[in-house]
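Colleague: Please construct the entire structure, taking both the sequences and the accompanying hints into account.
Number of protein chains: 2
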Amino acid sequence: MTTARRDTYTPETLLTVAVRIFNERGYDGTSMEHLSRAAGISKSSIYHHVAGKEELLRRAVSRAIDALFAILDESGAERGRAVERVEYVTRRTVEVLMAELPYVTLLLRVRGNTKTERWAMERRREFDQRVADLLKAAAADGDLRADVDTRLATRLLFGMVNSLVEWYRPQPGGGHDGEQVADAVVRMAFDGLRAG
Amino acid sequence: MTTARRDTYTPETLLTVAVRIFNERGYDGTSMEHLSRAAGISKSSIYHHVAGKEELLRRAVSRAIDALFAILDESGAERGRAVERVEYVTRRTVEVLMAELPYVTLLLRVRGNTKTERWAMERRREFDQRVADLLKAAAADGDLRADVDTRLATRLLFGMVNSLVEWYRPQPGGGHDGEQVADAVVRMAFDGLRAG
Chain A
1 MTTARRDTYT PETLLTVAVR IFNERGYDGT SMEHLSRAAG ISKSSIYHHV
51 AGKEELLRRA VSRAIDALFA ILDESGAERG RAVERVEYVT RRTVEVLMAE
101 LPYVTLLLRV RGNTKTERWA MERRREFDQR VADLLKAAAA DGDLRADVDT
151 RLATRLLFGM VNSLVEWYRP QPGGGHDGEQ VADAVVRMAF DGLRAG
Chain B
1 MTTARRDTYT PETLLTVAVR IFNERGYDGT SMEHLSRAAG ISKSSIYHHV
51 AGKEELLRRA VSRAIDALFA ILDESGAERG RAVERVEYVT RRTVEVLMAE
101 LPYVTLLLRV RGNTKTERWA MERRREFDQR VADLLKAAAA DGDLRADVDT
151 RLATRLLFGM VNSLVEWYRP QPGGGHDGEQ VADAVVRMAF DGLRAG
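Chain order of the listed sequences is A and B.
Each residue of the first sequence is one higher than the one before, starting from 1 at the first, in the numbering used here.
Each residue of the second sequence is one higher than the one before, starting from 1 at the first, in the numbering used here.
In case anyone wonders, no lab produced these hints; they're calculated from the structure.
Among these hints, one or two may not hold up.
Any copy, or any two copies together, can satisfy a pair, since identical chains are not distinguished.
[What the hints assert, rightly or not] Straight-line C-alpha distance at most 20 angstroms; calculated EDC-like pairs for lysine to aspartate or glutamate: (1) Lys136 to Asp191; (2) Lys43 to Asp28; (3) Lys136 to Asp183; (4) Lys43 to Asp141.
Modeller: Quick look at the structure:
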């Protein structure tokens with residue numbers, strides 16, 4: 001039984017609760033009962049807002065996916081040399097990850113057991129592929145070192161960027177501000193840690 | 001019930017099975033029953049080899065931890081300028097991660113619910129701290145760029161290195177050989193992707 005509470009949720013505010021629980025328990029490990037308890041409203045109230053937990057997952061990962069793909073339509077991603085575009089996209093990806101932290105965290109953790117999860121993984125791969133294409137174009141321009149394979153560079157770049165979900169926390173206690181983190185990622189990935 | 005099978009395990013070979021199941025189901029989600037089924041021997045046969053699943057976890061993460069700490073005693077990690085030592089340790093960490101992939105994967109996934117998990121996380125933090133100290137020494141030598149905070153550099157470096165457990169697979173189908181991967185990590189982290 002849930003504690004009685006007037007249902008003042010919108011699909012949007014309910015999503016905030018659902019994403020937190022999905023990230024804590026894993027999507028597979030979350031039941032409608034868990035969501036009902038966390039939100040403090042009955043399961044039937046939740047069904048009033050959404051068809052079920054898969055719809056909540058779809059809305060949540062869509063938010064992350066839409067924010068990521070929107071980067072590719074920004075002028076910094078569309079104009080200039082490929083190396084500058086890929087640097088721009090890297091910086092903005094870090095910024096989106098920090099701004100939409102719980103949503104991107106969930107996106108990175110989906111495992112492909114349901115149709116929605118498989119769709120999310122597919123869209124994530126498409127985004128990675130768009131970045132890989134930019135890296136390839138930058139390599140073709142002679143702006144990237146030739147001794148690191150582009151596919152491998154893409155994986156390592158995303159490895160570094162995506163690792164932020166494991167430790168970046170927006171609170172002051174987190175230690176690093178967002179701009180400092182975005183700068184560090186771009187500097188390390190493109191210019192390296194070694195002093196010029 | 002398990003399928004009857006003669007118990008030809010040693011603690012070592014039983015560990016191989018246990019680590020695979022821990023990585024598949026998560027340590028928390030693995031019961032002695034799961035281990036018994038995967039190994040094809042009875043629970044009491046398992047108890048003949050080890051005191052329980054926590055001992056299997058301890059042996060498994062110890063194998064990863066010992067391999068990582070051993071790097072720090074190698075001459076490449078002890079002699080020369082700090083920047084060369086930290087490059088050496090980075091390369092060797094990638095090599096150990098690839099050589100001991102299931103063990104390091106498990107180490108990186110433990111979450112701190114039991115005494116053994118908390119000990120493993122503590123040892124992992126100690127290793128990260130040793131690498132952070134080397135980076136700090138290299139920065140003090142003027143060999144690392146001053147505009148990336150050392151703590152942040154450590155996190156990003158481990159973010160990149162540790163991401164390998166998500167995609168690196170030793171089979172030919174995996175696409176990249178180990179040396180190529182280790183080279184790419186060191187080049188990207190210290191010299192950056194941009195053409196000299």
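Colleague: If a hint holds in the structure, say so; if it doesn't, say that too.
Modeller: Okay, the hints, checked on the actual structure:
For the identical chains of this complex, Lys136 and Asp191 are neighbours both inside a copy (17 angstroms) and across copies (18 angstroms), given an alpha-carbon limit of 20 angstroms. Only within a single protomer do Lys43 and Asp28 lie at most 20 angstroms apart by alpha-carbon distance; the minimum there is 18 angstroms, versus 28 angstroms between protomers. Within a single copy, Lys136 and Asp183 get their C-alpha atoms only as close as 22 angstroms, which misses the 20 angstroms cut-off; across copies the closest is 19 angstroms, which meets it. When the C-alpha separation of Lys43 and Asp141 is checked against a cutoff of 20 angstroms, the pair qualifies neither within a copy, at 56 angstroms, nor between copies, at 61 angstroms.
Violated hints amount to a single one, hint 4; each of the other numbered hints is respected by the structure.
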